[in-house]
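Colleague: Read off the chains here:
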Amino acid sequence: MRIRNVLICVLTSMLCIGIFCTKAADAAQTPQDFVKEFYDWYLIKHYELDNVLTEEKLPEYVDETLIAYLKQKEVTSLYYFTQMGETMQFKDCRVLVNKILTMSDDIYVVPVIFKGKNFYNVVIAYVKKSGSEFKIASISDAYPY
Amino acid sequence: MKKFLLIWFVVGIGLLQSCPQVARAQDVESFVQDFYKWYMKQSLLTDDRPVFDDAIFKYVCKCTAKRVRLDYKRVISDSDYYIKGQDFGKELLDNLMVGKSIDVDDSLSLVPVSILFRKEYAPDIVVYVEKTKGRMCISKIESSLRPNFRAPVY
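For the protein sequence lines, the chains are A and B, in the order given.
Quick note on numbering: my numbering labels position 87 of the first sequence as 87, and the sequence is numbered without any gaps.
Quick note on numbering: my numbering labels position 135 of the second sequence as 135, and the sequence is numbered without any gaps.
Be a bit skeptical, because a hint or two may be false.
Unchecked claim - In silico DSBU-like links for lysine-lysine, alpha-carbon gap of 30 Å or less:
{"no.": "1", "chain 1": "A", "residue 1": "Lys73", "chain 2": "B", "residue 2": "Lys66"}
{"no.": "2", "chain 1": "A", "residue 1": "Lys135", "chain 2": "B", "residue 2": "Lys84"}
{"no.": "3", "chain 1": "B", "residue 1": "Lys73", "chain 2": "B", "residue 2": "Lys62"}
{"no.": "4", "chain 1": "A", "residue 1": "Lys71", "chain 2": "B", "residue 2": "Lys62"}
{"no.": "5", "chain 1": "A", "residue 1": "Lys45", "chain 2": "A", "residue 2": "Lys129"}
{"no.": "6", "chain 1": "B", "residue 1": "Lys119", "chain 2": "A", "residue 2": "Lys129"}
{"no.": "7", "chain 1": "A", "residue 1": "Lys115", "chain 2": "B", "residue 2": "Lys131"}
{"no.": "8", "chain 1": "B", "residue 1": "Lys84", "chain 2": "B", "residue 2": "Lys73"}
{"no.": "9", "chain 1": "A", "residue 1": "Lys117", "chain 2": "B", "residue 2": "Lys133"}
Unchecked claim - Here are some chain B residues the structure puts well away from chain A; computed CB gaps all over 10 Å:
{"no.": "10", "residue": "Trp38"}
{"no.": "11", "residue": "Phe52"}
{"no.": "12", "residue": "Asp54"}
{"no.": "13", "residue": "Met136"}
As the list claims (entries may be wrong) - Residues from chain A shown here face chain B by an in silico Cβ test under 8 Å; the list is partial:
{"no.": "14", "residue": "Leu66"}
{"no.": "15", "residue": "Ala142"}
{"no.": "16", "residue": "Pro144"}
{"no.": "17", "residue": "Tyr145"}
Since the hints were made in silico from the structure, they are not lab data.
Ideal Cβ positions, reconstructed from N, Cα and C, are used throughout, including at glycine.
Okay, chain A solo, but in the shape it has when bound:
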């Protein structure tokens, strides 16, 4: 009888661990989720605002050092986060994020593909994790140096 009770306790505990651990894992954001969320937000703002750098939600996604740099940088015809010039092509494109590299110092390299009708562009996002937060530290194009 005692063994039966112990067995029931063990099995119930295992079931609880299985349910709650899965939920905890599901709740944790991955670098891919973060980058996808950023671009889903950014591509709307990109066409709505004159200057996204003054948008108050931007520091939730982008590292302060990078924002400060972009603010003092001379204006070019290239948008930093898309690494492209003025185009409407991003408006109706899909943002695809797949495999990533895990680097030292909690930095993740996340390739981002923008795919639309007759449109294809790739940027490489460098994402830094501090505590439980992700921040975009840098964006590169995929073209040769």
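With chain A's structure known, arrange chain B on it following the hints.
Modeller: Okay, now just chain B, sitting in the frame of chain A:
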């Protein structure tokens, strides 16, 4: 018995499908490893970086290698473009580690590289490898620790 054979058949097909992907990924990593071994061995032999050695075209895309040469001529940076550091020694060659690559798409792969003075895998170099017509070449190398503050270049 029939069930047993069917299971082996399914497992066999699965293995056959995964093999080419593994082999291709391994190729990109070996290619990057070979480049760094060559680059660092040449640096040790000549006590200088082999940036102007034409053998570099075996590994680095022409446009990239040429732009790096121009940077050296114009003394744009103190640190070496390929190893992303100023100091060099045999320890870097001994401790070279290349991580698992990822394919961005059919024409571009990214490879993490760790080059440290201590024996540890802590990659901070991202090597961009272009693949065109079955040939590979390194098109760009970036440090994951330093943001891309480059101005667009035409």
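Colleague: With reference to the structure, classify each hint as holding or not holding.
Modeller: Hints, verified against the model:
{"no.": "1", "hint": "A/Lys73 - B/Lys66", "in the structure": "27 Å, holds"}
{"no.": "2", "hint": "A/Lys135 - B/Lys84", "in the structure": "23 Å, holds"}
{"no.": "3", "hint": "B/Lys73 - B/Lys62", "in the structure": "17 Å, holds"}
{"no.": "4", "hint": "A/Lys71 - B/Lys62", "in the structure": "34 Å, violated"}
{"no.": "5", "hint": "A/Lys45 - A/Lys129", "in the structure": "24 Å, holds"}
{"no.": "6", "hint": "B/Lys119 - A/Lys129", "in the structure": "24 Å, holds"}
{"no.": "7", "hint": "A/Lys115 - B/Lys131", "in the structure": "20 Å, holds"}
{"no.": "8", "hint": "B/Lys84 - B/Lys73", "in the structure": "17 Å, holds"}
{"no.": "9", "hint": "A/Lys117 - B/Lys133", "in the structure": "25 Å, holds"}
{"no.": "10", "hint": "Trp38", "in the structure": "19 Å, holds"}
{"no.": "11", "hint": "Phe52", "in the structure": "17 Å, holds"}
{"no.": "12", "hint": "Asp54", "in the structure": "18 Å, holds"}
{"no.": "13", "hint": "Met136", "in the structure": "13 Å, holds"}
{"no.": "14", "hint": "Leu66", "in the structure": "6 Å, holds"}
{"no.": "15", "hint": "Ala142", "in the structure": "6 Å, holds"}
{"no.": "16", "hint": "Pro144", "in the structure": "4 Å, holds"}
{"no.": "17", "hint": "Tyr145", "in the structure": "4 Å, holds"}
Comparing the model with each numbered hint stated earlier shows that hint 4 is the single one that does not hold.
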